[in-house]
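There are 2 protein chains.
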Amino acid sequence: MKGFKFAGIRAGIKKKDQKDLGMIYSDTPAVAAALFTRNKVVAAPVLLGKEKIKNGLCQAVLVNSGNANCFTGQKGIEDAIACTKIVAKSLDISEDFVLVSSTGVIGAILPMDKFETGVPALVGQLSENHVDDFADAILTTDTCRKIVTQTGTIGDKKFSIIGIAKGSGMIRPDMATMLAFICTDINILAEDLDACLRKANETSFNRITVDGDTSTNDTLLALANGAAQARVTDANSKKVFQEALTKVCFELAKMIVKDGEGATKLVQIIVKGAQTKQDAFKASEAIAHSNLVKTAIYGEDPNWGRITAAAGRSGAHVVPENMDLFFDDQPLVLKGNWQGAEAEKKTALIMKNNEITITLDLNLGQETDSFLFCDFSVDYVKINAEYRS
Amino acid sequence: MKGFKFAGIRAGIKKKDQKDLGMIYSDTPAVAAALFTRNKVVAAPVLLGKEKIKNGLCQAVLVNSGNANCFTGQKGIEDAIACTKIVAKSLDISEDFVLVSSTGVIGAILPMDKFETGVPALVGQLSENHVDDFADAILTTDTCRKIVTQTGTIGDKKFSIIGIAKGSGMIRPDMATMLAFICTDINILAEDLDACLRKANETSFNRITVDGDTSTNDTLLALANGAAQARVTDANSKKVFQEALTKVCFELAKMIVKDGEGATKLVQIIVKGAQTKQDAFKASEAIAHSNLVKTAIYGEDPNWGRITAAAGRSGAHVVPENMDLFFDDQPLVLKGNWQGAEAEKKTALIMKNNEITITLDLNLGQETDSFLFCDFSVDYVKINAEYRS
Numbered sequence: 000m001k002g003f004k005f006a007g008i009r010a011g012i013k014k015k016d017q018k019d020l021g022m023i024y025s026d027t028p029a030v031a032a033a034l035f036t037r038n039k040v041v042a043a044p045v046l047l048g049k050e051k052i053k054n055g056l057c058q059a060v061l062v063n064s065g066n067a068n069c070f071t072g073q074k075g076i077e078d079a080i081a082c083t084k085i086v087a088k089s090l091d092i093s094e095d096f097v098l099v100s101s102t103g104v105i106g107a108i109l110p111m112d113k114f115e116t117g118v119p120a121l122v123g124q125l126s127e128n129h130v131d132d133f134a135d136a137i138l139t140t141d142t143c144r145k146i147v148t149q150t151g152t153i154g155d156k157k158f159s160i161i162g163i164a165k166g167s168g169m170i171r172p173d174m175a176t177m178l179a180f181i182c183t184d185i186n187i188l189a190e191d192l193d194a195c196l197r198k199a200n201e202t203s204f205n206r207i208t209v210d211g212d213t214s215t216n217d218t219l220l221a222l223a224n225g226a227a228q229a230r231v232t233d234a235n236s237k238k239v240f241q242e243a244l245t246k247v248c249f250e251l252a253k254m255i256v257k258d259g260e261g262a263t264k265l266v267q268i269i270v271k272g273a274q275t276k277q278d279a280f281k282a283s284e285a286i287a288h289s290n291l292v293k294t295a296i297y298g299e300d301p302n303w304g305r306i307t308a309a310a311g312r313s314g315a316h317v318v319p320e321n322m323d324l325f326f327d328d329q330p331l332v333l334k335g336n337w338q339g340a341e342a343e344k345k346t347a348l349i350m351k352n353n354e355i356t357i358t359l360d361l362n363l364g365q366e367t368d369s370f371l372f373c374d375f376s377v378d379y380v381k382i383n384a385e386y387r388s
Numbered sequence: 000m001k002g003f004k005f006a007g008i009r010a011g012i013k014k015k016d017q018k019d020l021g022m023i024y025s026d027t028p029a030v031a032a033a034l035f036t037r038n039k040v041v042a043a044p045v046l047l048g049k050e051k052i053k054n055g056l057c058q059a060v061l062v063n064s065g066n067a068n069c070f071t072g073q074k075g076i077e078d079a080i081a082c083t084k085i086v087a088k089s090l091d092i093s094e095d096f097v098l099v100s101s102t103g104v105i106g107a108i109l110p111m112d113k114f115e116t117g118v119p120a121l122v123g124q125l126s127e128n129h130v131d132d133f134a135d136a137i138l139t140t141d142t143c144r145k146i147v148t149q150t151g152t153i154g155d156k157k158f159s160i161i162g163i164a165k166g167s168g169m170i171r172p173d174m175a176t177m178l179a180f181i182c183t184d185i186n187i188l189a190e191d192l193d194a195c196l197r198k199a200n201e202t203s204f205n206r207i208t209v210d211g212d213t214s215t216n217d218t219l220l221a222l223a224n225g226a227a228q229a230r231v232t233d234a235n236s237k238k239v240f241q242e243a244l245t246k247v248c249f250e251l252a253k254m255i256v257k258d259g260e261g262a263t264k265l266v267q268i269i270v271k272g273a274q275t276k277q278d279a280f281k282a283s284e285a286i287a288h289s290n291l292v293k294t295a296i297y298g299e300d301p302n303w304g305r306i307t308a309a310a311g312r313s314g315a316h317v318v319p320e321n322m323d324l325f326f327d328d329q330p331l332v333l334k335g336n337w338q339g340a341e342a343e344k345k346t347a348l349i350m351k352n353n354e355i356t357i358t359l360d361l362n363l364g365q366e367t368d369s370f371l372f373c374d375f376s377v378d379y380v381k382i383n384a385e386y387r388s
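Heads up: the sequence lines are chains V and E, in that order.
All residue numbers in the first sequence are consecutive under numbering that gives the first Met the number 0, ending with 388.
All residue numbers in the second sequence are consecutive under numbering that gives the first Met the number 0, ending with 388.
Pulled out of the complex, with its shape left as it was, chain V reads as follows:
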């Protein structure tokens, strides 16, 4: 990726022997746009970031894992600002162009000494080839790094996008314990980048759920440094970039759900035939969040009763006698009637797959919405019961 450098090291913030400090650096100040958590209990770096993003430029992003710097009061804000200063000094750039981001345990004070020593070491590691190190450094309970790359062409000019994310618990719409960083070399105005990012977020990160909790630290940040010759100048070029960006966000979102804490299956629920978009959203969201549905999927049980019952309590307008329900292409319920033991047998086989699409057709209208979610396993409980110990 032209003009971007990455680094990731172990600074000693995490107890475990894992990388915990990462940096993205752009050779020149990049156009920047960001979306943050809507939780009212919000981490210090998010409070700071919301202010700093207003200038629309960013040259360096520092990310630590192992400590969320959340619920840390005035001290947390001061620490986040101190981190910014350390970065600005180490890179010899303006602190106006530095953003910081944190993820990990809530309520613990940042170990500032680790940043004092870690940041200069991190700067020494900056390289175009160290994307993997950065991707590793931002992980918490994730079991694998999450990187998506995409290229596109505007006229005969190429552009690239790279997206790096973390997140596997506390995932639900309106952002999650999710950090996602998008770097692109396209030439784009800050307001266009912002609009594209919001649109991409709506159908990707805002349509996934692991456990229904929203984090205090969620951040989706996009940097565009204009190092490529491709340029967003009109509706057409914007559309090309939008498609590429949405694809990167959707793939990252999918990777997050797939790596959901304890997840064994990736499921897409599609609700179609709804009278209103809101109904489609409500029904698909209720199904994706239902613990009874999620545990049934873990048990490889095509428990259509729980799925339709979740739609029934969602607040969406539904009529049981109109419902069709499919697992992949296999119908199990048609017009409210269970299709019998043979159909259930075929469905049960489909449930053994790692990726399953469930389609609920309400047969009441034309609107559709969908969610990506994962099953709910014994390991999810174990991971979250033991997280702090």
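Honestly, the hints are just simulated from the structure, not real lab data.
Among the hints, a few may not be true.
Copies of the same chain look alike in the list, so a pair counts if it fits in one copy or across any two.
As the list claims (entries may be wrong) - Computed cross-link-like contacts, DSS-like style, restricted to lysine-lysine with a CA-CA straight-line distance of at most 27 Å: (1) K14 - K351; (2) K74 - K344; (3) K246 - K344; (4) K49 - K334; (5) K4 - K113; (6) K271 - K15; (7) K39 - K271; (8) K381 - K257; (9) K381 - K345.
Given chain V's structure and the hints, the job is docking chain E onto it.
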């Protein structure tokens, strides 16, 4: 209990060798009131019950476990009506005075032959002393029967209330996979019984959660046969009855949560100091439903970050810097500040108890609400992954 008889037998509806058919019978037609699930996917007996309760009288209730008679279409309705007829014939009473109720697996057709043979056998077992049999017959994944008795006095006249409930999964506000039957010998008008029942429900069954799913079959039914001399005639006598009824409902609700699928701990979350009643409700509901909070409690971890984060995403007006958080009487956060390792140590000891009260004071106003909930264990997942297999 004067004038009420009970029975519970094994009719062969469940695969397991357990009681699965129960009956409550009143010597005379009793004044009746009922509340039903708000789920739009609703079981046949509920559809029928909603109509029949309108006449305000009931003499016999038939309850089966093992089959919910839900998502069974027109056939389900016909079967529920057929059950009513069998009961009316066996008891030689009007079918207008017969209610039926079902709980168990969704989507399976009722085995009518078991009812043909079971109901007459059940009638033969009716006795004032068979409450335990009835209470056993209505259980599904419950691990224990749930019976609460209460007496009261109006003037010098005594009255009694007995409540019998089932439910341990699919429990959330707006009713749950919960069946609760209240019998009382008080003399009361149908409209007063209905009003008292609604009020009692609001602070009991509508403030509990096990897993956040609402069932298709929830029913809360009260019968008052007037066999005692105590009579609700004015505001004062109504208040006495209301208090006793609310107590019965609250104790039953508590038993349901305590017996929550896989539950190891019973927790009451109290949110106080909210600006509005709605804020108090939203914050307490979000905490009680948070899987991250529930798994932390299972892990005996006083994870205040997750509790405050759940309040933060609830939509309630909260200010982190104002929050106080207590586990029983032990403060862990005061005015947004963590109270240190010593306080956390004390809190961790409290987390080892089977019953815990968590109080979140928002310090923004005067309103309060509370929820009863249970922790989320490895066994919950196991129970619900394997339910149909």
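These are the hints, each one checked on the structure:
1. K14 - K351: Between copies only: 25 Å across, 37 Å inside.
2. K74 - K344: Cα proximity of K74 and K344: across copies only (23 Å, versus 59 Å in one copy).
3. K246 - K344: Neither: 35 Å inside a chain and 47 Å across chains, both beyond 27 Å.
4. K49 - K334: between (49 Å within a copy, 24 Å between copies)
5. K4 - K113: within (22 Å within a copy, 73 Å between copies)
6. K271 - K15: Neither. Shortest intra-copy (45 Å) and inter-copy (38 Å) distances fail the 27 Å Cα cut-off.
7. K39 - K271: between (33 Å within a copy, 17 Å between copies)
8. K381 - K257: Classified as both: same-chain Cα gap 18 Å, cross-chain 21 Å, threshold 27 Å.
9. K381 - K345: between (32 Å within a copy, 23 Å between copies)
Of the numbered hints stated above, those contradicted by the structure are hints 3, 6, listed in ascending order.
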